[in-house]
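Asker: Residues per chain are reported as follows:
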Amino acid sequence: MQIMVIGGGRVGIFIAKRLRKEQHAVILVEKDQKTATEIATTIDALVICGDGCDPMVLEQAGIERADVFVAATGRDEDNFVCCQIAKEQFKVSRTIARVNDPENEKAFNELGIDVPVGATVILGKIIEEEASFMDFMNLYSFEKGKLALIRVDLPDNAPVVNKQVMELQLPPQSVLVSIVRGNEVIIPKGDTVLLPNDYVIALTLLENKKQLLNYFIGEVS
Amino acid sequence: MYIVILGCGRVGAELANLLSVEGHDVVVVDKHPESFSRLGDAFNGLTVVGNGVFTLVLQDAGIERADIFCSLTNSDNINIMASQVARGIFKVKRVISLIYDPRKAVFYKSLGLDVLNETGLFASMIRDKITDKILSGYLIETNELGVMEFPVPEEFFGKRVEEMSVAHEFNITAIRYVTGGVFIPDAKTVVAKGDVVLGVVRMRSVDKIKKMFKL
Chain A
4 MQIMVIGGGR VGIFIAKRLR KEQHAVILVE KDQKTATEIA TTIDALVICG DGCDPMVLEQ
64 AGIERADVFV AATGRDEDNF VCCQIAKEQF KVSRTIARVN DPENEKAFNE LGIDVPVGAT
124 VILGKIIEEE ASFMDFMNLY SFEKGKLALI RVDLPDNAPV VNKQVMELQL PPQSVLVSIV
184 RGNEVIIPKG DTVLLPNDYV IALTLLENKK QLLNYFIGEV S
Chain B
-3 MYIVILGCGR VGAELANLLS VEGHDVVVVD KHPESFSRLG DAFNGLTVVG NGVFTLVLQD
57 AGIERADIFC SLTNSDNINI MASQVARGIF KVKRVISLIY DPRKAVFYKS LGLDVLNETG
117 LFASMIRDKI TDKILSGYLI ETNELGVMEF PVPEEFFGKR VEEMSVAHEF NITAIRYVTG
177 GVFIPDAKTV VAKGDVVLGV VRMRSVDKIK KMFKL
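Sequence lines, in order, name chains A and B.
Just add 3 to the spot in the first sequence (first one is 1) and you have our numbering.
Heads up: the second sequence at position 18 corresponds to 14 in our numbering, and the numbers run straight through without jumps.
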């Protein structure tokens, strides 16, 4: 795929390097001449010096061939504008924007950016979960956070321990995906029995997450 | 009217003063509190310190009940984002944004924003001053219409306004009398020596009209 990345800061460079490793063609656009020259020597991608919010720069950098557009600068207004130009003027089918300030997430979500990524909020959620209880963890969110893949560690006294999978009565809109026992991953069948210290991995709608946790490990505050 | 202005630079401060003196409720938002010193003594509105792309700051400025939002900072991208937040999230009915980059201005006009392109406007004003004493193209932003102003040529003394108009190309809209005073004529109004006519012209007909009146 052809991927255009705007912003040669730490985030932009990290993304560009990872995409190169996966054999994607990457064009990185950086405003500052000195930074752009430096990056060009360290990375195996086309680096262009220019303002990524300027339609002419984007055109010269070859945006018409880009399949994906990633705005990763440290300024939210710049990320917002260049994604909008990429999408509306150059018809790039997928635009992804870094959201630096959590306060701006609503604006990005409601004003037509395909995938706003708020690193601060994501980090905050992970830390909050790690800090609040160690026995479950959000592994991944889909569909703008509506659907979540979660991991739950079963304590000895969990209400589901020693039950067969077919006896479980999971809350609506939840699926048991797998059971991890030591180093072994088990795809659950009806007669699989849950044991203490198993991890279960389940897919659930966010609104049912608490219900699901209650079911697996007892009352959670 | 309740008006929120983002950006207390020269343009923002001047506008805030004008509107405040006219009795409107004006709130000015700026990142830098020291910029509020540009507001004159006559300014009796409110000031809010903060980054205006943030919904919370705009809420502090009362954007939910604003009739008009003007985005006038010196950053195009802030103006663009803030005006879309005002329009899309807070449903402000009238949103005006200042965009300096002419290409971005064209693009965002096509997305339906009410855009003022200061650079383009000033450049065409200056151009008109330099190249053409009788024509102003900047007044009407579409670039399709201009305004011409010239003294009635001799062969039209005593003629009617309708005889000086060209359907779909040139229309006289006002007459400035030599004695002073401006008058909006109808088709039968007669022009005399010394009168200056003002008319709206299609830009692509300018040369034809100039030829017609030997300008």
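Derived from the structure by calculation, the hints contain no laboratory data.
Source: prediction; values computed, not measured.
Heads up, some of the hints might be wrong.
What the hints assert, rightly or not - Heads up, incomplete: computed chain B residues facing chain A, CB under 10 Å, no partners named:
#1 D72
#2 I85
#3 V196
Cβ coordinates follow ideal geometry from the N, Cα and C atoms, glycine included.
Asker: Run every hint past the structure and note whether it holds.
Answerer: Going through the hints against the structure:
1. D72: 7 Å, holds
2. I85: Status holds, d = 6 Å.
3. V196: Hint violated; V196/B Cβ to chain A Cβ min 32 Å, cut 10 Å.
Violated hint for the displayed structure: number 3, the only one.
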